[in-house]
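Use the sequences and the hints to build the structure in full.
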Amino acid sequence: MANEQVPSRSKIVIIGGGVGGTSVAYHLTQLGESDVILLDRSELTSGSTFHSAGLVGQLRADPTLTKMNMHSVDLYRQLEKSETPPSWVECGSIKLASTPERLEEIRRQIGWAKTFGLDLHEISPKEAQERFPLMVLDGVVGACIMESDGQVDPSQLAQALASGARRGGAKIFPHTRVLAIRTKNQSIVGVDTDKGFIECEVVVNCGGIYSAEIGRLVDVRIPIVPMSHQYLITDNFLPAGAPKLPSLRDPDLLIYFRQEVDGLVMGGYERESRPWVTSREKFDDIPANFNGMLLPEEWERFEEIAINSQVRVPKMGEIGIKKFINGPEAFTPDNEFCLGETEVGGFYVAAGFCAHGIAGAGGIGKVMAEWIVGNEPPMDLWHMDIRRFGSSYESPAFTMDRVQENYEQYYDIHYPLEERQTGRPAKTSSVYEWHKEHGAVFGEKASWERVNYYGTHVGDEGNRPYGWAGKNWSAAVQVEHQITRTSAGIFDESSFAKLKINGARAGEFLNLVCSNNVVRGINRTVYTQALNTKGGIESDYTVTQVAEEEFLIITGTAFGNHDGGWLRKQRRELKFDDVQISDSTSDLAVFGIWGPKAREILQSLTTYDLGNENFPFMHSREIEVAGVKLRATRITYVGELGWELYLPVKEGLRVWSALIAAGKPLGAEPCGYRAIESLRLEKGYLAWGSEINTETTPLEAGLGFAVSQNKSAFIGKEALLADPHPKRALVVITFDDLKQTPLGNEPIRANGEIIGRIKSGGQGYTIRKGIGYAYLPKEFTTPQSTLEVEFFGEWKIGVVQSSPLFDPEGLRIKG
Amino acid sequence: MKIAVCVKQVPDSWVEKKMDGQVLDRLGVDAVLNDLDEYALEEALRIVEANSPTGAAGPESGHEITLLCMGPERATEALRKGLSMGADSALLISDPALAGSDALSTSLVLAQVIASGGFDLVICGTESTDARMSVIPAMLAERLGWAQLTHVHKLDIDLAGSTAQGARSTEIGVETISAHFPVVISVPDKINVPRYPSFKGIMGSKKKPLVIKALGEIEIEADSVGAPASWSTVREVTPRPPKSKGIKVVDTGDGGNQLVAFLEEQRVI
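The listed protein sequences correspond, in order, to chains R and A. Mapping of the first sequence onto my numbering: position 640 corresponds to residue 640, and the numbering continues sequentially without gaps. Heads up: take any position in the second sequence, counting from 1, add 1000, and you land on my numbering.
Heads up, some of the hints might be wrong.
[Claimed, not checked] Taking lysine-lysine pairs in the DSSO-like style, the calculated list, with each CA pair at most 30 Å apart, reads: (1) A:LYS1154 / R:LYS322; (2) R:LYS717 / R:LYS67; (3) A:LYS1200 / R:LYS244; (4) A:LYS1018 / R:LYS322; (5) R:LYS322 / A:LYS1200; (6) R:LYS126 / R:LYS114; (7) R:LYS322 / A:LYS1245; (8) R:LYS322 / A:LYS1207; (9) R:LYS323 / A:LYS1206; (10) A:LYS1018 / R:LYS195; (11) R:LYS739 / R:LYS796.
[To be verified] In silico contact screen, one side only, chain A against chain R (beta carbon under 10 Å); selected entries: (12) SER1084; (13) ARG1195; (14) TYR1196; (15) PHE1199.
Honestly, the hints are just simulated from the structure, not real lab data. Using N, Cα and C, we set each Cβ at its ideal position, and we do this for glycine too.
Written out as structure tokens, the structure reads:
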């Protein structure tokens, strides 16, 4: 075995033989891709798979992950009938609520489980106890059960997937260490191992706790931290042969249980987390021989969980503890997987399973195999996409702070608009100090510190939404909304991601990538999407041609890495190597001034004629404002007349102060991002990641106006032409009670049947209604028709409206 | 009744061991409570439980189990494990002068603390999984002038009669032996199945007394123990030879007989 050589060529090389790697290999072979080699530096499962607890729960906080976990269950069920069964037991799972808030969370989850056809239902505490008789009900206020959840033996699962992959033609080489990964033109060409070189096109990094180290071989930062994660196995004490207990989660006590032989597995998330061989000062440094090994018990840290477990299951106090397991698990800074293609062409990653990789493995393998074979994500995987991690995660300190914060709050209820607290402020705008001095309440997006609203704006508390939407709500937002609609709001949008595209063929390149015609002459600004080959929206942004061979793309704060990554991938694959793509996000400050008084205010600071004829909508000019030469673009994201100003960061305070001073006499005020959200929802402006994503087409989303019918070719055109009349469409639904505010994922019912789920929602302070967006089958999209939406177990009437809700003729924008 | 259980901290026997010159490399290897000592403690706990008004060990039982150990300070980890299983207190003799002690030194130290402790029973495992000498129980009995019941796989304690009776297997049969208190007993691993510590045991163990004493405190001269005073020295170390090939029995009709003959030769049956 030791002298065995690896094959000299394979299309795909997978690094890592845990549940992740074996599942990717299995699913690749299922898709008919058999030219696959899987390498592991030791035995299969010897990283963290072997010490996983093996719980498989399907319902998660986002629809995509839920769908993936549902695939896992289907697959494990099917594997159980194969020659290599992974000991899948469909014992069901119970989740307890020990607080009223947790019961709300459960009811909300039950609501959107309906939209997946998942059999999650509420049961009484008494019924929960009947199913799990070991527990006492002290403090339990409610419970739910999912019968199709279960448990699986993690090592057997990996072996079963490996067997399936082998049957499909994949070759598996344990005890083969990757020494280097070779690239050419930022694309994979091969892998050097201690058993020889393998030429390949694709490398899939399924390295788990070792994945960051593997990423460093090609200078790709994978922000994963191995975290010490503990659970224990009790002595056998349950009657032998009795039906398996369902697994039990009691998040308010931070604990979970599942049956193991005739004893229990019990674990949880410690309030004091502990990273392993990684610190705020340095990246992970895992010993070269760390395989099949565990860490010493950290009883002190586990004690809170041990005490809690006895509160729920008193027997835990007496029963012997057979085994205490402390194994490192790969955690990401936001507890979501780290998947997808990296900046190096053909270098994929599927890692960072955050101690729920056993539940996820089936789905992860499926989406990764489809991603690799199809060359783009098969569904909306943005939450798990490696491109979501911006440059801040280059820092081990920032990464560590976020990982620990998330680990320690794993079982907490996460309300909408909750803000992360660690590592702040990371990136700040040129007028950050001004905001601070003027009462700004900040939020964070992609590590940028941004104004959510100004606490100085005192509004009507009576409009606080019902339920969770009211938790992180502020009355200041409606005030800023009204200021923008009646005078003008002045917004600091400096965090916008800005990409510069240069080169003689820049226009040609962009017109291939973008669905709209973005080459309309210098100083013209165009809103466009970039589609994938299925017609799904990969990005949406504005493109301004600033010179013959130079374009400026402005996109969302969190999307610079993603949209830039997509552009760089297309450049590589379409062979536009001469086109330059650069990120100038931190070079430019961006301020927006929008509202009926915007022209009057801005005109007072410039000699340039801002009149409609001289400066029409969707045009851009280099002008002087308050003595500073800058680029002004007449565009809006709130449905009001106005401009965005792009200027050198060092002039930020000067221009900002001038805008504020000029605006003051006319009632204009600085406003924050939450107001933008409310304003845009009324106006029907969509946000990528909220209403639109890679799974939705512009035609479904009502964005057909931004697709150029005249262009001979652009990515996704064939798919759009193939389905010119999609069966579903995005609609806006209103609720007469302004306080009835959807959050997303609420089920929608018509004629007693579930027809969809809410995609996004908020409050419209001008129209005085609650607003929700949803994709619905065409037959349910007639304006003024009514339907029902479930809020925390109660059905409320909503009305389908024609969009936009505010200023449908766009008179205010062009005014 | 006062019972002393002698325990040792050893390198984890599941881990491959390395030699650092003439001595075992103890760094980098998990140190654990000697497996075989857990049987001794379990037996002590069962004796107390059988004679406790509440059926449980601990202060209310009217009996006391003390763990005795000689070793480095790190041995407190192993003692905590014993306390979490149910022992009442622990005494660790730790002193730099003890480094390199052989079995004679060890038994000298342990006998010294046992002699002054007022114990009725001393229970030991049969051997430690690192040195595997299996001589300490006999040496203790010799030094203390007590009776010894070694290798007993079954033990009955008659508290009223202050008598211990044990059964031990020899090559020719089973001996039944008994002795009056005080007595030194050693037990093999077939005597019982040691319990796992429970949460209550683990958490309670932190409050139990664990005393560390130096040689001066037990009135032993430093030069009477440790490497200089050892009667035995390690002159050479040879790694365990690789496993030799087994004997293959091909069944041509008398396979069963061959197998029995082999097992008899090995004195397994």
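Satisfaction of hint between LYS244 of chain R and LYS1200 of chain A, Cα-Cα up to 30 Å: holds (26 Å)
SER1084 of chain A as an interface hint toward chain R, with CB separation required under 10 Å: Holds, about 9 Å.
Per-residue hint verdict: ARG1195 of chain A, partner chain R, C-beta under 10 Å: With a closest approach of 5 Å, the ARG1195 of chain A hint holds.
Hint consistency between LYS323 of chain R and LYS1206 of chain A [alpha-carbon to alpha-carbon, up to 30 Å]: holds (19 Å)
Hinted pair LYS1018 of chain A and LYS322 of chain R, Cα distance within 30 Å: holds (28 Å)
Pair hint LYS739 of chain R and LYS796 of chain R, alpha-carbon separation not exceeding 30 Å: This hinted pair holds, its Cα atoms lying about 12 Å apart.
Given hint LYS1200 of chain A paired with LYS322 of chain R - CA-CA distance at most 30 Å: Answer holds: LYS322 of chain R to LYS1200 of chain A is near 14 Å, not above 30 Å.
Agreement of LYS1018 of chain A and LYS195 of chain R with the hint, judged by alpha carbon distance not exceeding 30 Å: holds (28 Å)
Holds or violated: LYS322 of chain R to LYS1245 of chain A, with C-alpha atoms at most 30 Å apart: violated (35 Å)
Interface restraint verdict for TYR1196 of chain A against chain R (beta-carbon cut-off 10 Å): holds (3 Å)
Given hint LYS1207 of chain A paired with LYS322 of chain R - CA-CA distance at most 30 Å: Distance of about 22 Å is within 30 Å: holds.
Restraint check, 10 Å cut-off on beta carbons, for PHE1199 of chain A near chain R: OK, holds: PHE1199 of chain A within 10 Å of chain R, min 5 Å.
Figure legend: structure checked against the earlier numbered hints; the only hint not met is number 7.
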